[in-house]
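K.L.:
Chain by chain, the residues run as shown.
There are 4 protein chains.
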Amino acid sequence: MSDKPLPQHPDAPTRESATTFRPVAEGMEGHVNVYHPVLDHGFIAVKDYMGDDVSILQMARMSYGKGTKGVSDDRALLRYLMRHLHTSPFEGCVIKLHVKLPIFVMRQWVRHRTASLNEYSARYSILPDEFYMPEPHLLAVQSKDNKQGRGDSLTAEQAAEVLRILKEDAQRNFSTYHNLLNADEDGNAIDEDRDGIARELARIGLPLSTYTQMYWQTNLHNLMHFLRLRADPHAQYEIRVYAEKMLAIMADWVPVTTEAFRDYQLEAGRLSRMELGLVRDLLAGKASMADAERYGLTKREIREFKDRFGC
Amino acid sequence: MSDKPLPQHPDAPTRESATTFRPVAEGMEGHVNVYHPVLDHGFIAVKDYMGDDVSILQMARMSYGKGTKGVSDDRALLRYLMRHLHTSPFEGCVIKLHVKLPIFVMRQWVRHRTASLNEYSARYSILPDEFYMPEPHLLAVQSKDNKQGRGDSLTAEQAAEVLRILKEDAQRNFSTYHNLLNADEDGNAIDEDRDGIARELARIGLPLSTYTQMYWQTNLHNLMHFLRLRADPHAQYEIRVYAEKMLAIMADWVPVTTEAFRDYQLEAGRLSRMELGLVRDLLAGKASMADAERYGLTKREIREFKDRFGC
Amino acid sequence: MSDKPLPQHPDAPTRESATTFRPVAEGMEGHVNVYHPVLDHGFIAVKDYMGDDVSILQMARMSYGKGTKGVSDDRALLRYLMRHLHTSPFEGCVIKLHVKLPIFVMRQWVRHRTASLNEYSARYSILPDEFYMPEPHLLAVQSKDNKQGRGDSLTAEQAAEVLRILKEDAQRNFSTYHNLLNADEDGNAIDEDRDGIARELARIGLPLSTYTQMYWQTNLHNLMHFLRLRADPHAQYEIRVYAEKMLAIMADWVPVTTEAFRDYQLEAGRLSRMELGLVRDLLAGKASMADAERYGLTKREIREFKDRFGC
Amino acid sequence: MSDKPLPQHPDAPTRESATTFRPVAEGMEGHVNVYHPVLDHGFIAVKDYMGDDVSILQMARMSYGKGTKGVSDDRALLRYLMRHLHTSPFEGCVIKLHVKLPIFVMRQWVRHRTASLNEYSARYSILPDEFYMPEPHLLAVQSKDNKQGRGDSLTAEQAAEVLRILKEDAQRNFSTYHNLLNADEDGNAIDEDRDGIARELARIGLPLSTYTQMYWQTNLHNLMHFLRLRADPHAQYEIRVYAEKMLAIMADWVPVTTEAFRDYQLEAGRLSRMELGLVRDLLAGKASMADAERYGLTKREIREFKDRFGC
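Protein chains in written order, with the numbering used here: chain A, 1 to 311; chain B, 312 to 622; chain C, 623 to 933; chain D, 934 to 1244.
Where hints are given, some of them may not hold.
Cross-link-like lysine-lysine pairs, in silico, DSS-like; alpha carbons within 30 Å at most [to be verified]:
id	chain 1	residue 1	chain 2	residue 2
1	B	617	D	1239
2	C	928	A	306
3	C	769	C	921
4	B	478	B	455
5	D	1100	B	610
6	C	928	A	299
7	B	458	B	597
8	B	597	B	610
9	B	478	B	597
10	A	306	C	769
Derived coverage of chain A by chain D (criterion: at least 3 residues anywhere in the stretch with Cβ under 8 Å from a Cβ of chain D; other residues may be distant) [stated by the list, open to error]:
id	region
11	14 to 22
12	143 to 155
13	164 to 174
14	299 to 306
Since the hints were made in silico from the structure, they are not lab data. Glycine residues also receive a C-beta, built at the ideal position from the N, C-alpha and C atoms.
Go ahead and model the full structure; you've got the sequences and the hints to work with.
P.N.:
Written as structure tokens, this is what we have:
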């Protein structure tokens, strides 16, 4: 999260200010139309937003009517909402992002259905020659314990060789793409005497690492759900870096909510019925970890319990 | 739609302006935090919004990339999107409303699921003594042809009698409510020596005409769907007046979109396969209305076809 | 959950069997078209369903491909899915219910948006004279600590008086309803010489306790979300009894999933970042409950922590 | 739609019958677990379904109560629902499909958000060496008038050359994939002395033509929306063939609904406010096509109007 707000993206409109009667989130205004780079060719930029910490409270207070006069403290009420999963008021905040990302990341991203999106159309337009190449230190062998994860990194030589192969393949795919289209990146014919094949067909040989872009919009409740899954260490690195950037933006947008989100969701944990029983008896001195299996925990759950509580 | 922007609602916050880098819809700014009365005790107010006509185009243009350089005319592109039901760009605009409405209207409203809402809780708080009484000229007998509609209006005497009965009943229900709660509208005990029953129980005898309120938020695509159904003459009058007010607000917010919405959706019409065939042959002089049944239209469809085309 | 499958509801179609190539959940077949009574006039009946424990596994296994050969044990895989919130496979099971319920319960029910529903229309048809009257022992005063709950029960005399008032009011409202409609429950005119007012208007004075009915359909993932909120002790009693009946039906439908649901969701608990830290240090003997505030827990959270772990 | 129900897919479970009390759609039972081939390596198979024409009516009739006694004719009522877009009863039917399809088709498919899906995970498992190669006659040049469509077909020689290039590239990409994984299609190590890189990384160079598979489930209302867009001539051929197969399956499942769907939706047409006005005056002899522009139609709309009505 070290990268700071950045110079304008070449395509970005100039930032222009205007007067509004709507709620304004000061910390978020600094992000509007600012393009933050992610991965080697990607970016994430806030195009628009709606709501702030205060508007969440306003929605909650309308709902409780005079019944909640007691809770005078804004921060306490926001934290109460988060703790008790009173999610409706968070839906009142909305964020619209412009995101450029590799297609294999996009394919994970769209699994989140409660969002609006509009993607660059490769049926209408030619895709730029941009594909994702991991940084060498990210290349790692298949994990032995985690069926969907990475294990040890490759040596520098191995990594260089992998990248050489991936790059050569992708360049060849793009070369074929332009050959089939009979057009360069700007749409100019390569050979004036022949027609290119349809764009919707020519693109089928492009690699999953090809960059696409989209406008993506969701409300704060669904954004937090996205972040719980995608800012998690088990998420694939290439989507996690987008999620982490979004979490940093969220902290500038709704700081009190973000703190509560970390405390009650992101860094909180769920204990199963069996684990709750075990903790209860451990605290009362009625059980030791040696009894864990008796509580119905599997071997794997016992191992994870020990990791979590350092016992 | 004649009623103009109105004086502040007592509960409305003062309108305060601030600077923003977000898109601003000039015509909509005049509505923010302005409470428009609807029915006898209801209102509708814009609390926040996101996007405008230009931001819809921006989303569409990103999607088409360089492939749509040709369509230089903003208005033409917006109308093209509407005509061809390219709905994603319209999802990029969002509106948040504060609405006060009778419960029987609310029950129709919540059938629209792709929206966020937060309602006043009668489990937490005491409902104010407000219930809907129709204006006398709206009282009408059951329609003979339309199973869910109204027919002729009542006479002034009949209407007065109906209103007297409805009002007396509602007042009695509210009196019972306070009696059970042992509390007045402000929550003060009526009889200090006894407890009231739980609010969640005391309210079950209140009438469906009781007013409730909510924050309701949806995107422009779903708003248009709402308006197609609820600004329609077949919608119940009491929800239609809310829809008409929303349509007027929409016209100030996204004027070009609203015009296209009227032309291609609201005042457009669908013709069945059979009707298309009939029109084709009527225009070619190969058929007359006397042949309509032969095209597979039912008697009712023929009657409606004649009404629509005045033939 | 003691009430057993019941005699047929008068409106229920005869149960007829047929042959199918679809997955069949034996335990669920006994529920199809069986009407279980809930509250004084309500019911819940399974009209149709899709999927079973095995079909959840089938979906999960397709997704993991050959990568999950290791997990040979069905029960272990289902529990793994539930524990890790791999929710997609649960969406593959669907339930369609016919439910009769008071309108104030319906209003809570429809807050769950990811479901399909079709409700009895009081614009088209006359509502039967049925309204909910709580059993006397359920009548309770407003809770002192829980703003939306019930406290002590009323005495038998107080309860009888409350019910007398509620019943008298509701009967009067229904009498007005028929008077305005100029029609009895079967739609026969009371006075042949006059017209009744429109049904959509006549109903606005009916109480929130009036019964309505609907077909309601959702997938198992969303059903579990419903049950987490509505089978919870904080839910209003009158919706909780429906949720508990649904949970009992679910146990017959997908028994292994239901057991996992109880263990990892319904009877599991979330611990905040602060609580996790406290438990870690309590178990390591590095802290005592006297230190709890130092971990950032509020007084209320400390009280609830003590209740949960009996310490 | 000529291809008939086919022999079992190798992975398909044996079709086993059982007894059920649920509604059974006779025409659909013949599809359960039958794998229909689509494209060169794809398929579509019904895994489960819920509801039929009769259950749609049952939902509608519950809603109308006694108010719709008049409509005794089932077919007429179904057609009425379709014509008037009373969509809720159609949501009561659900279909679950197993689909194998190229990734670029999948990417269009998932734009339909109101569905449940579970996809083969290339993070967990190795993708089979299967990629889509169009049949030669489908290869066509970019359309001149339709920015997202195909124009004339290639000559046999040109097509053969395009396919040769696409195939060579894809084979090379798959060869790289196995090289990076250090594993063959069955997961056996190629070189026992080294580790393969993580599956989630190795796949990023595979082409968009690679086949994936999923379980996909939606209700009939959303299925029809899918078919309106994807069985349309403007849809890309490679998704249209899946949609056409689904439409054929739907006709066996809910034949009366499918006929109404064709008449009132698929082969129906929308006329704008301007077109309605023009038709009205053309039929009354008050206008000729020469006046069309005066009604506010654009040149393109006039051309399309003439095509539609052959005038």
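K.L.:
Compare the structure with each hint and give your call.
P.N.:
To see whether the hints hold, each was checked on the structure:
1. Taking the CA atoms of residue 617 of chain B and residue 1239 of chain D, the gap is about 22 Å. The hint holds against a cut of 30 Å.
2. Between residue 928 of chain C and residue 306 of chain A, the direct Cα distance comes to roughly 22 Å. Compliance with the 30 Å bound is thereby established for this hinted pair.
3. Distance restraint check for residue 769 of chain C and residue 921 of chain C: the Cα-Cα separation of roughly 18 Å lies within the 30 Å cut-off, and the hinted pair is therefore satisfied.
4. Under the criterion of a C-alpha separation no larger than 30 Å, the hint pairing residue 478 of chain B with residue 455 of chain B is consistent with the structure, at around 27 Å.
5. Between residue 1100 of chain D and residue 610 of chain B, the direct Cα distance comes to roughly 58 Å. Violation of the 30 Å bound is thereby established for this hinted pair.
6. Among the hinted pairs, residue 928 of chain C with residue 299 of chain A is consistent with the structure: their alpha-carbon atoms are about 28 Å apart, no more than 30 Å.
7. Only pairs whose Cα atoms come within 30 Å are accepted, and residue 458 of chain B paired with residue 597 of chain B is rejected, the gap being roughly 37 Å.
8. Under the criterion of a C-alpha separation no larger than 30 Å, the hint pairing residue 597 of chain B with residue 610 of chain B is consistent with the structure, at around 21 Å.
9. For the proposed pair residue 478 of chain B and residue 597 of chain B, the alpha carbon gap of about 60 Å is over 30 Å, so the pair is violated.
10. The hinted pair formed by residue 306 of chain A and residue 769 of chain C fails the criterion: a straight-line CA distance of about 39 Å is larger than 30 Å.
11. A count of 0 residues in the region 14 to 22 of chain A with a Cβ less than 8 Å from any Cβ of chain D is obtained; the coverage claim is therefore unmet, three being the minimum.
12. Counting residues of the region 143 to 155 of chain A whose CB lies closer than 8 Å to any CB of chain D gives 8, which reaches the minimum of 3, so the coverage claim holds.
13. For the region 164 to 174 of chain A, the assignment as covered by chain D holds, since 6 residues bring a beta-carbon within under 8 Å of that chain's beta-carbons and 3 suffice.
14. Beta-carbon proximity to chain D at under 8 Å applies to 0 residues in the region 299 to 306 of chain A; the threshold of 3 is not reached and the given coverage is violated.
Consistency note: the structure conflicts with the earlier hints numbered 5, 7, 9, 10, 11, 14.
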